[in-house]
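Produce the entire structure from the sequences given, and follow the hints as far as they go.
Keeping their order, the protein sequence lines are chains A and B. Sequential numbering of the first sequence, starting at 46, is according to our numbering. Sequential numbering of the second sequence, starting at 72, is according to our numbering.
The hints are simulated quantities; they were obtained by calculation from the structure and are not laboratory data. These numbers were taken from a predicted model, which means no experiment stands behind them. One should not assume that every hint holds.
[Claimed, not checked] Distance condition first, Cα-Cα at most 27 Å in a straight line; then the derived DSS-like pairs of lysine-lysine:
1) B/Lys-411 with B/Lys-123
2) B/Lys-457 with B/Lys-496
3) B/Lys-123 with A/Lys-197
4) B/Lys-411 with B/Lys-210
5) B/Lys-319 with B/Lys-355
6) B/Lys-496 with A/Lys-107
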Amino acid sequence: MSTQASRRPGELAFAVLMLAFSLWLFWQATRISGFSGLSTPGVFPMLASGLMVVSALAILRKAAGRRAADGGLRRFLAEVTPLRQVVMLALVGAYVATMPWLGFVLASGLFLFLAIQFLWRRHVALTAAITAVSLGAIYLLFRVIFQVVLPKGTLLPGLL
Amino acid sequence: MIEALGFLTISWFDPWLLMLTAAGTLAGIYVGAIPGLSVTMAASILISFTFKWNVNDALALIAGVYIGGVYGGSRTAILLNIPGAPSAIATALDGYPMAQRGEAGEAIGLTTIMSVFGGFVGILALALFAPLLSDFALKFTSRDYLLLAMIGILLVGTLSGESFAKGVFAGALGVLIGMVGLDPMTAEGRFTFDTITLMGGIPYVVAMIGFFGVAEAFVQLHNLDLPAVKQKIDRVIPRISDIRRYFKLALRASGIGTVIGALPGTGGDIAALLAYDDAKRVTKDPDVPFGEGAKEGLIAPEAANNAAVGGAFVPMLTLGIPGDAVTAVIIGALFIHGLKPGPLLLVETPHLFWFTVGNLALANIFLLIFGLTGIRIFTKIVECPKAVLIPLIVILSAVGSYAIQNNPVDIYWMLLFGVFGYFLKIYGFQVGPVILGVILGPMMDANYRRAMIGARNDLGTFAWDFVSHPISLVLLIAFLALLLSQTPVGGWIRTLLQRRQATGGEAG
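Here is the structure:
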């Protein structure tokens, strides 16, 4: 993947996006204290974001100089955001979003079960067993031994 | 001296610390070995769990994980041809061919002995040179720290990434992430968008967990189904004759490892590759050619990457500048415990320094024990399917992010950085410079402003200060040389010189 003549699918768009992001950061940095002095809080952020703009331009120039990736959107979907990544992202997103409601134990249990079942595709009972064992181990290690506070849910207050 | 010796052996006689160091080393070996789990990942998650602990306890555990983790990568490199960690890339080149010949046990045994040897060389260098360097570092001014930090980020950016521009971009991005929040000098908000959530800044541990944990988990989804080849293990304890024969090479590689580790911004992975290259050059006629299972090709990188651990602690403890991503994470741990790595660390908290040295030595001893035993169980555990491992990494990352300030918002940050980090990695950016930037950014900002105020806000005086003080001048030259060698300007100069030399040669 390191030495290819053509661009990775979506690379040009990403380079443009990063340039836009850098420009926006630079604009935000100028708003901190403007150009009022050389040792104001805004100077270093401006320098750093300015450096981002310059390097983003160099990255864009290099990417634009290379041959476009063939396959277009279909290859982007296959190589950068394949179904596996998208489903996992959705699962992680749902996990993170429901944690305040379900609490750590329930949310993690559900997430582990669904994610392992989706990625591994073995018998449901095996997945359930692995989920239970690993969740139990995590709870024991962190809550009981390390005494880490785990997020509690509003669904079953005081219990999980 | 006697006092130092007392601090040095704190963890040797305390059963609890002894246990923590042992547990850390053992865990580190597995973390380093399991492809998809990295020492940086483990250390960043560990910090969030251990920040309420006693400093000594936390440091004992983290030192063990570091030492074990740098070594652990070699196991999977030898057995499965998958380097468990970047520092084991060179190890796979000759380790796996050895395993294919049925010499996996011997390869592991030799690797262990040489890793431990390299480790001790690095620790010895740390004990000898850190006090000297820290005396010298008292002469450093804010300018010099600014330059050192820039050199560090530049080195990580140039050596680890696909292109120089991407390394610089990642480093600057990290610096900006580190800037978010109230300015420590004037309490003005920077990138806060007038929200209270952003005023406290973005916790760097969350950024680390996002970039190293979650992002890596998403990248690993691409190679879920890599087949593992099983190896049979026979002889593990290496021959004395082998050790005697390769002693000189190991010493040489350890020296390289220590120096490379001590340079700000370069760590075990680069040390290992350089030592491998060097071994290839100095070994005139190996029994087996390099790349086909030469023992030299196994010994050099492994001695070097473990020697780099001790080396990396030198700039970290004396200058407060991390040697690589893992030491950047460890610096984060020291900050969390209220310690200030820098030239004053040895003066204000000498016990901490000597404790760290003693602890690394202890972890190295445990490495010898665990490295030569338990290989059979090991092969079973490493085969843990990634389909199970990846969801677990996500859960551990979530727990780690939440544990720091018990704030659910931090888990959202973790996910955001994870997704962003995934795209960065896919498009050839490295996340190492980002983390170095996050850690060094606030320090660079403060030092820049101190230097500028010292120059009475006059750009001319500020610039003159850089060339009129010897230390600053040397660092500036190093920085510029590094910069020139990586940008088109350097290339132009080189071709110009070559052309001139060529014409000069013809004329002569």
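A quick look at each hint next to the structure:
no.: 1; hint: B/Lys-411 with B/Lys-123; in the structure: holds (17 Å)
no.: 2; hint: B/Lys-457 with B/Lys-496; in the structure: holds (19 Å)
no.: 3; hint: B/Lys-123 with A/Lys-197; in the structure: holds (20 Å)
no.: 4; hint: B/Lys-411 with B/Lys-210; in the structure: holds (17 Å)
no.: 5; hint: B/Lys-319 with B/Lys-355; in the structure: holds (14 Å)
no.: 6; hint: B/Lys-496 with A/Lys-107; in the structure: holds (17 Å)
In this structure, none of the earlier numbered hints is contradicted; all agree with it.
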